[in-house]
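Chemist: Starting from the given sequences, assemble the full structure and let the hints guide the process.
Residue strings, one per chain:
2 protein chains.
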Amino acid sequence: MNRRPLAVALVHHPVVDRRGDLVTTAVTNLDVHDIARTARTYGVDRFYLVTPVQDQLTLIQRILDHWRQGHGADYNPHRGDALSLVRVSTSLQEALTDWGEAIGETPLPLLTGAQRQDGLSYEECRELTKTRPLMLVLGTGWGLAPSLFERDWPVLAPIRGNSDYNHLPVRAAAAIMLDRLLAPDEK
Amino acid sequence: MNRRPLAVALVHHPVVDRRGDLVTTAVTNLDVHDIARTARTYGVDRFYLVTPVQDQLTLIQRILDHWRQGHGADYNPHRGDALSLVRVSTSLQEALTDWGEAIGETPLPLLTGAQRQDGLSYEECRELTKTRPLMLVLGTGWGLAPSLFERDWPVLAPIRGNSDYNHLPVRAAAAIMLDRLLAPDEK
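Keeping their order, the protein sequence lines are chains A and B.
9 is the number of the first residue of the first sequence in my numbering; add one for each residue after it.
9 is the number of the first residue of the second sequence in my numbering; add one for each residue after it.
Just so you know, these hints were derived from the structure itself, not from any lab.
One thing to keep in mind: the hints can contain errors.
[As the list claims (entries may be wrong)] Here are some chain A residues pointing at chain B (derived, C-beta under 8 Å):
hint, residue
1, Leu38
2, Arg45
3, Thr49
4, Gly51
5, Gly127
6, Leu128
7, Ser129
8, Asn170
9, His175
10, Leu176
11, Pro177
12, Asp187
13, Arg188
The beta carbon of each residue, even a glycine, is placed where N, CA and C say it ideally should be.
Modeler: Take a look at the structure:
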């Protein structure tokens, strides 16, 4: 498929909790693995983990080292392969800057949120992947903080299943979004 | 959407390991939660966990009780809602029989496997969801045992991303399959 570079960012701050309060969530080992493997499957260029907490950054680095160079690399090389996409950043802006420098162009953040009522359709965003380098921005906890939606960045329409239930795990939402945006037309 | 009943089964035996040997995998707490939440989102009727190991069945029951009736039900009622779809069976045949009795009709298993070269397209299977009650059968470990593919049951084509990487987590594969099979046409 003829498309521009695409990265995924998983944001642990600023996000909201179930009461809507601004929080920093903990990095989940399984989010790192699952989203890295899905991103690798769909040819995503990078996967940024965004957290301002230094201890969390250290934890991520240990996970990465284990699977890229340690025992894990021998046991299951596919994990290291997927995790080679992972980068860490202390803020979304830092991730955007870092990736922008790597590709020599300013990437456009594409925000997501299960509670949003607005948003571009998947067809529109599929077209967008062909014209602009994008960073698909996923929130943890109960979603990205409202302040991020005040920047005039485009928002991807929420995933609607066949029910009123609207609580997909972020790992599943990431998989569905990447499939909708990047899968080959022939399935 | 006008469709027939559809269930998902997550099989822990018979499956194969990385060497192709027949094994029984352990039930993973997160598989239960993630796939239940995705199934609930897409209006799936039931989610069967298949394992012959009695200790594992007991573990699953404890998880279900916690979220359906215990502390978890107060803390996050959405979890209990999703987990209400879960049933346990000691074999795939038992799951098929149990569900067949519930709907008064024999469901057709729809097998899946990342390593398969054959298989019905998603478009064909989307049509199938409208004519037959189906049980989408997912393998853990390195996939469903070859013996299951000798029964003349239909097989769903593997998910192809945009790379040669073919190691999606089963949680992500389940999400992508249910979205492709059951999502509304408007996205």
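Chemist: Now tell me if each hint is right for this structure.
Modeler: Each hint, compared with the structure:
The closest approach between the C-beta of A:Leu38 and any C-beta of chain B is roughly 6 Å, which is under the 8 Å cut-off, so the hint is satisfied. Here the hint on A:Arg45 is kept, as its CB sits about 6 Å from the closest CB of chain B, short of 8 Å. With its C-beta approaching chain B no nearer than about 4 Å, A:Thr49 sits inside the 8 Å limit, and its interface hint holds. Below 8 Å, beta-carbon pairs count as interface contacts, and A:Gly51 has one with chain B at about 4 Å; its hint therefore holds.
Checking A:Gly127 against chain B: minimum C-beta separation of about 11 Å lies over 8 Å; hint violated. About 11 Å separates the beta-carbon of A:Leu128 from the nearest beta-carbon of chain B, more than 8 Å, and the hint is not met. Interface restraint check: A:Ser129 against chain B, minimum CB-CB distance 6 Å, threshold 8 Å, status holds. Contact between A:Asn170 and chain B, as hinted, is supported at the beta carbon level, the nearest pair being about 4 Å apart and thus within 8 Å.
The beta carbon of A:His175 comes within 5 Å of a beta carbon in chain B, closer than 8 Å, and the hint placing it at the interface holds. Interface hint at A:Leu176: satisfied, since its Cβ lies 5 Å from the closest Cβ of chain B, which is below the 8 Å cut-off. The beta carbon of A:Pro177 comes within 5 Å of a beta carbon in chain B, closer than 8 Å, and the hint placing it at the interface holds. Hint on A:Asp187 holds. Least Cβ distance to chain B is approximately 5 Å, under the 8 Å limit.
About 7 Å separates the beta-carbon of A:Arg188 from the nearest beta-carbon of chain B, less than 8 Å, and the hint is met.
The structure fails hints 5, 6 (numbered hints given earlier, in ascending order).
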